[in-house]
Amino acid sequence: TRTASILCVVEQPADMVAIEKSGSFNGLYHILEGALSPMDGIGPDNLRIKELVTRISQGKIKEVVLATSTNIEGETTAAYIAEQLENHAVKVTRIASGVPIGGDLKYVDQVTLKKAMETRHAI
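Per my numbering, the very first residue in the sequence shown carries number 1; after that it's consecutive.
Please keep in mind that the hints were generated in silico from the structure rather than gathered at the bench. Warning: the hint list may mix true and false statements.
[Said to hold, decoys possible] Taking lysine-lysine pairs in the DSBU-like style, the calculated list, with each CA pair at most 35 Å apart, reads: (1) Lys50 - Lys21; (2) Lys21 - Lys91; (3) Lys114 - Lys50; (4) Lys106 - Lys60; (5) Lys62 - Lys106; (6) Lys106 - Lys50; (7) Lys115 - Lys50; (8) Lys60 - Lys21; (9) Lys62 - Lys50; (10) Lys21 - Lys106; (11) Lys62 - Lys91; (12) Lys115 - Lys91; (13) Lys91 - Lys114; (14) Lys62 - Lys21; (15) Lys60 - Lys115; (16) Lys91 - Lys60; (17) Lys115 - Lys62; (18) Lys91 - Lys50; (19) Lys60 - Lys114; (20) Lys21 - Lys115; (21) Lys62 - Lys114; (22) Lys114 - Lys21; (23) Lys106 - Lys91; (24) Lys60 - Lys50.
Start from the sequences and build out the full structure, keeping to the hints where you can.
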């Protein structure tokens, strides 16, 4: 069974698969279906951020783990989501470094990804 009080936010289904393969997370997932990229015309309304906030508002989630990529789009997306969740009674954490800067989660080896999940921190 999964821990229903922890929600891991990822950009794409492939990111969820990578985390699952690492065996480091046993909570629920929320797939954004992308990352913020103003240069490409991708804003908050193009992602599943409203659905995330609605999900958090239901009060069952106690921690949100932001596991977006460590490139500029992923970092921007994580910062935006953290800001959107400031007024909610939820702990917001970010996966730790170890994931290469500029890298996509689907290409990270399982040991590195497991370490990143185990050492996530509040933002």
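- Within 35 Å, alpha carbon to alpha carbon, are Lys106 and Lys50? Roughly 24 Å separates the two Cα atoms, so the pair holds.
- Query: Within a Cα-Cα threshold of 35 Å, do Lys91 and Lys114 meet the stated pairing?
  - Reply: holds, 20 Å
- Message: Between the alpha carbons of Lys91 and Lys50, is the straight-line distance 35 Å or under?
- Response: holds, 18 Å
- Message: Hint check: Lys60 vs Lys50, CA-CA at most 35 Å. Holds or violated?
- Response: Given that 35 Å is the threshold and the Cα spacing comes to 17 Å, the pair holds.
- Task: With a cut-off of 35 Å on the C-alpha distance, tell me whether Lys114 and Lys50 pass.
- Result: holds, 28 Å
- Lys60 and Lys114: Cα distance at most 35 Å? holds, 25 Å
- Query: Is the hinted pair Lys106 and Lys91 satisfied, with a Cα-Cα distance of at most 35 Å?
  - Reply: Holds, at about 25 Å.
- Query: Does Lys115 pair with Lys62 here, judged by a C-alpha cut-off of 35 Å?
  - Reply: Holds, because 22 Å separates the two Cα atoms, which is no more than 35 Å.
- Message: Just to be careful, I want the Cα atoms of Lys21 and Lys106 compared with a cutoff of 35 Å; is the pair within it?
- Response: holds, 10 Å
- When you check the alpha-carbon spacing of Lys60 and Lys115, does it fall within 35 Å? holds, 26 Å
- Query: Taken at face value, is the distance from the CA of Lys50 to the CA of Lys115 at most 35 Å?
  - Reply: holds, 30 Å
- Query: Holds or violated: are the alpha carbons of Lys62 and Lys21 at most 35 Å from each other?
  - Reply: holds, 24 Å
Consistency with the previously given hints is maintained throughout, with no hint failing.
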